[in-house]
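What follows is each chain in one-letter form.
Number of protein chains: 2
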Amino acid sequence: MASDIVRNPNALAEALAETSRVVEAQLDALLPVPEGAEARVVEAMRYAVLNGGKRMRAFLVMETAQLFTVNRTCAARVAAAVEMLHAYSLVHDDLPAMDDDDLRRGMPSCHKQFDEATAILAGDALQTRAFEVLAEEDTHADAEARCELVLALAHASGARGMVGGQMIDMASEGKKLSGPEITRLQALKTGRLIQFSAEAGAILGRASQPQRHFIAAYGRDLGGAFQIYDDVLDETASAEELGKTAGKDAAQGKATMVSVLGLEQAKAHAELLAEQAAGYLESFGERGALLQELARFTVTRKS
Amino acid sequence: MASDIVRNPNALAEALAETSRVVEAQLDALLPVPEGAEARVVEAMRYAVLNGGKRMRAFLVMETAQLFTVNRTCAARVAAAVEMLHAYSLVHDDLPAMDDDDLRRGMPSCHKQFDEATAILAGDALQTRAFEVLAEEDTHADAEARCELVLALAHASGARGMVGGQMIDMASEGKKLSGPEITRLQALKTGRLIQFSAEAGAILGRASQPQRHFIAAYGRDLGGAFQIYDDVLDETASAEELGKTAGKDAAQGKATMVSVLGLEQAKAHAELLAEQAAGYLESFGERGALLQELARFTVTRKS
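If you're matching them up, the sequences are chains D and C in order. Each residue of the first sequence is one higher than the one before, counting from 1183 in the working numbering. Each residue of the second sequence is one higher than the one before, counting from 1183 in the working numbering.
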């Protein structure tokens, strides 16, 4: 797969770092701090989203967009919107009433750094701003494409997507889920947004239906690999490597693929999905090489 | 004003009831309960939004839409989206970390009826669904108008609108705000969404710039009258009439116009704003009569 194609072994790391720079500059510009007491909620939004995440979702948007030669500023705005939506979900997931997590990427989570009310509001406003950025004319796409982005993001993140997955996750604590049930939970909770990130570039690029199909399939299997490997890391990595509490899923009795398949089988399943994901991009040739490399990286990373 | 024009003294009450029926049928159709454990979050969304509210925001959408002869189903969908956005804000405002309110319209608030995690997720998903409905093709407007609605709603509800106002409100507890500071807080916290509701009909109807200007001014002053009169009711009405804890703002040391102006002056100010609001609609003649009547009702209601 990609390792045959990418000559520079650091190409992915460099591309991820470059995406981080571009997207963080966009986020900084898209979230100016206003005058007045409402500044506090914007500071909390900035804290939550400008925190040195891996920017995998942003990278997916930017890289699939370049497959279709989309304007780079346009892609960066959509990438920033996805990172805002993702950050909102993390801020709300970390709340005491939800996963009650004090740490996020090695730093105090938003409600610890600010307070619960501010964190609730910051999450709310990050979601709002994500949809706003997609719909803005500055997003250089025509109104049809902008509406399609709003719809696709809403579908990926609402009650039948990410929030639905989070609800199932909360409702299943302490229950024993089957493999298919866990797969569905994970597809909703994290898979849909990862798939959206890949598809966004195709929407912006007015990709053909077959191209859309392959990109969606890549995003779906990449998302599956990512989540299963997250479960693996939760079992095997240290808190220092993860930047968050390790072994927490098991301690909370949360259903993971590791609990169903065992560590080795779960790892093998994640690797298979990553390989499949990369395979869907063969038809894009050299231009898809970094996306293929990302799939491989997803199941070899340390955090 | 409107009382000269509306012959049937029950016309407003009947029109409000008819809007409620139409919008609740839309909400019911737009929020089908899925199979699986994620059903719980949709049940909480339905509980929060299908609760017999006054539907003033929905009425504003439907009535301004009829000024411009907009398709009624189209207007009803946008009205339903505004009610979802409003319901999300109430669900999150009622949370223990925010206003900590156990009652909403005489019923247990969402986190009391379900639980905190479910209420956070239901609010999140109501916001998502509101933007989704605006962007959907079923909303019978062209993509430009749908994008414009998404943008206007995001502007009204994000960190520089409703959420910003809520942040100022939280940050000001126990502090003494001046009249202008309270006016700004209330304009952000509740005024912007009321103004959006009025403008949505004009956006759908592709109203001319002068018409947009008058509708926006009507919405702005109606929103001001509404919020100041809410402060008056919080002082004077009983919990039974309000369906929520009475006298709570004063007890929490929240800044209200009543605390700055005194009860009589605050009432007079609300009435003046309502009169001004009605005045902006003179050019629409008989078709604007119910909207004028709504302005008068806003400052005479009991709850």
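Quick caveat, the hints were computed from the structure, so don't treat them as lab data. For every residue, glycine included, the Cβ atom is placed at its ideal position computed from N, Cα and C. Treat the hints with caution; some may be incorrect.
Claimed, not checked - As a list, the in silico DSBU-like pairs of lysine-lysine whose alpha-carbon atoms are at most 30 Å apart:
#1 C:Lys1484 with D:Lys1358
#2 C:Lys1449 with C:Lys1484
#3 D:Lys1484 with D:Lys1236
#4 D:Lys1449 with D:Lys1357
#5 D:Lys1236 with D:Lys1449
#6 C:Lys1449 with C:Lys1358
#7 D:Lys1294 with D:Lys1449
#8 C:Lys1484 with D:Lys1357
#9 C:Lys1484 with C:Lys1357
#10 D:Lys1357 with C:Lys1294
#11 D:Lys1449 with D:Lys1358
#12 C:Lys1484 with D:Lys1294
#13 D:Lys1294 with C:Lys1449
#14 D:Lys1294 with D:Lys1484
#15 C:Lys1357 with C:Lys1449
As the list claims (entries may be wrong) - Derived CB-CB ranges, DEER-like:
#16 C:Asp1324 with D:Glu1355: 54 to 60 Å
#17 D:Arg1203 with C:Glu1200: 53 to 59 Å
#18 C:Lys1294 with D:Glu1200: 46 to 52 Å
Claimed, not checked - Every beta carbon over 12 Å from chain D, so not counted as near; a handful from chain C, in silico:
#19 Val1215
#20 Leu1285
#21 Glu1318
#22 Ala1341
#23 Asp1351
#24 Ser1354
Structure-based check of each hint:
| no. | hint | result |
| --- | --- | --- |
| 1 | C:Lys1484 with D:Lys1358 | violated (52 Å) |
| 2 | C:Lys1449 with C:Lys1484 | holds (13 Å) |
| 3 | D:Lys1484 with D:Lys1236 | holds (12 Å) |
| 4 | D:Lys1449 with D:Lys1357 | holds (23 Å) |
| 5 | D:Lys1236 with D:Lys1449 | holds (21 Å) |
| 6 | C:Lys1449 with C:Lys1358 | holds (20 Å) |
| 7 | D:Lys1294 with D:Lys1449 | violated (33 Å) |
| 8 | C:Lys1484 with D:Lys1357 | violated (49 Å) |
| 9 | C:Lys1484 with C:Lys1357 | holds (29 Å) |
| 10 | D:Lys1357 with C:Lys1294 | holds (24 Å) |
| 11 | D:Lys1449 with D:Lys1358 | holds (20 Å) |
| 12 | C:Lys1484 with D:Lys1294 | violated (41 Å) |
| 13 | D:Lys1294 with C:Lys1449 | violated (41 Å) |
| 14 | D:Lys1294 with D:Lys1484 | holds (26 Å) |
| 15 | C:Lys1357 with C:Lys1449 | holds (23 Å) |
| 16 | C:Asp1324 with D:Glu1355: 54 to 60 Å | violated (46 Å) |
| 17 | D:Arg1203 with C:Glu1200: 53 to 59 Å | holds (55 Å) |
| 18 | C:Lys1294 with D:Glu1200: 46 to 52 Å | holds (49 Å) |
| 19 | Val1215 | violated (10 Å) |
| 20 | Leu1285 | holds (19 Å) |
| 21 | Glu1318 | violated (6 Å) |
| 22 | Ala1341 | violated (4 Å) |
| 23 | Asp1351 | violated (9 Å) |
| 24 | Ser1354 | violated (7 Å) |
Going down the numbered hints, you'll see the structure goes against 1, 7, 8, 12, 13, 16, 19, 21, 22, 23, 24, while the others check out.
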